[in-house]
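Each protein sequence line maps, in turn, to chains X and L. Residue numbers for the first sequence, in the numbering used here: 1 to 150. Residue numbers for the second sequence, in the numbering used here: 1 to 395.
Hints are computed from structural coordinates only; laboratory data are not their basis.
Which residues of chain L face chain X? A few of them, derived with a C-beta cut under 10 Å, are: (1) Gly301; (2) Glu303; (3) Leu310; (4) Glu343; (5) Ala345; (6) His346; (7) Gly347; (8) Ser380; (9) Pro381; (10) Val382; (11) Arg391.
Just so you know, even glycine gets a beta-carbon here, dropped at the ideal spot from N, CA and C.
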Amino acid sequence: MALYSEKVMDHFTNPRNVGTLDNADGIGEVGNAKCGDIMRIYLRIDNDTISDVKFETFGCGSAIASSSMATELIKGKPLSDALQLTNKAVVEALDGLPPHKIHCSVLAEEAIKAAIKDYYDKNGISYDSSQFPDCEHCAHCEQNIPEGSL
Amino acid sequence: MKVYIDNAATTKPSRAVIDTMVSCMSEYYGNPSSLYSIGQEANMALQSARERVAALLGCQSSEIYFTSGGSEADNQAIISAAAIGEKKKKKHIISTAFEHHAVLHTLKKLEKQGFEITLLDVHENGLITAQEVENAIREDTCLVTVMFANNEIGTIQPISEIGEVCRKKGVLFHTDAVQAVGHIEVNAASQNFDLLSLSAHKFHGPKGVGVLYAKKGIFLTNLIEGGAQERGKRAGTENLPAIMGMVTALEQAVSGLSDNAVRIKKLREKLIDGLSEISHCALNGDREQRLPGNVNFCFEGIEGESLLLLLDQKGISASSGSACTSGSLDPSHVLLAIGRPHEVAHGSLRLTLSEENTEEEVDYVVQSVKEVVSYLRGISPVWRDLQNGKRKYVI
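The shape of chain X in the complex, shown without the other chains:
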């Protein structure tokens, strides 16, 4: 069996919405280079709706595929819908990820939320802060996976 599903490979090799947006309304970045993955999401927001979205990702195949799929899932959607996006939805849309790659989908969810939070902050819009994760202490950098034997 291949490491990744066909869907993952498709979004990895032909990622949707790659790039940046000039004067983006919201930018979110999560992860760190030390851990080996960083995602940056750029949002264009018109009337509380995500009219455009782009991403840049430094990371493995599943990180790139997760970013691509997450942007597809929120493009054209109202912010209220985008805030409901879960990592589980990203995993399902990708036809699954290997267990040790689930954190990539978590990063994608967090990156989108961070970008929306940035938009709210920039525009002085009040929000319930409990719906935004604290990325400084996300579980992904603290979990421990046994070493492989490659």
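Based on the hints, put chain L in the right spot on chain X.
Leaving out everything else, chain L in the frame of chain X:
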């Protein structure tokens, strides 16, 4: 184009090796421990294989123990030396920070059992010196274990010199020569090691078979108890087809060693020169003191797993020291040991040549790596920040 350029991971068994194994399975199916003729014929084949290996390694056949591979040989060598040391109340072991996990994890286990482990720092060029080993040796040191050549960055340690220091100080010296045997000269008679591990599948032999060389007089501790195979030191009916395949592979590798080294080195230099044209990259490990077939680079601003997947799409089989390919969150301990920061170590690529690779393949690999690195940098926020001056280049 299909290019297999991951020969440090494993190699393709040669035709002669496969033929040897197949004919062994039909001709020598007897159990070498059985006393009737077909058993004894198998036993003769086994002993002949042992003698041929001994001749190639410059030692006596009684110093050769067949194992299931390099990891088992590493484990048994270290555990045996530790047991010998413990009897003399010597419980200090010296090794390096960039050994294979078969060595490091065995040492970790011994540490839990009360041994003290000193892991020598490796220089930026991926080398240590005999002087550093000498400085670390104490009254209670029972073993020095230093790999002959590193599996990731290919650097070749001064094994004879380290062995000389150990002899002078009366300390046992083990070397994990899994990457060295069949590729550079390895000789028990002239290189001063007491224990050595090798693995057949690294030189076109079969998987699951290797050798532990233990100098005469070194008492081995069993890892596997049972029958009296391998002079009572390694139980289990011998894997004769694999052992004979290994001998064929070793004979081929040793007889072609000088010619292959010249040819492969030429390809290596071409590969290094080609990849060096990529901006913000660095060769890992000393350029001279390295295995003929090893090339290892770090490319700033990208991650290794995505690099490997895209190379695979182009038909190229390679390897990386990124966390995502190691199955852990940390990138390669070897790259960290030579001082590469985490974010750079994640973007590493190991290409390991064999005599079967061609110049055309090298050209294709260089072109493909250039394209893939450029593509991945184009979608990397880290690369954007480096280019905009928001992040400082490390290499």
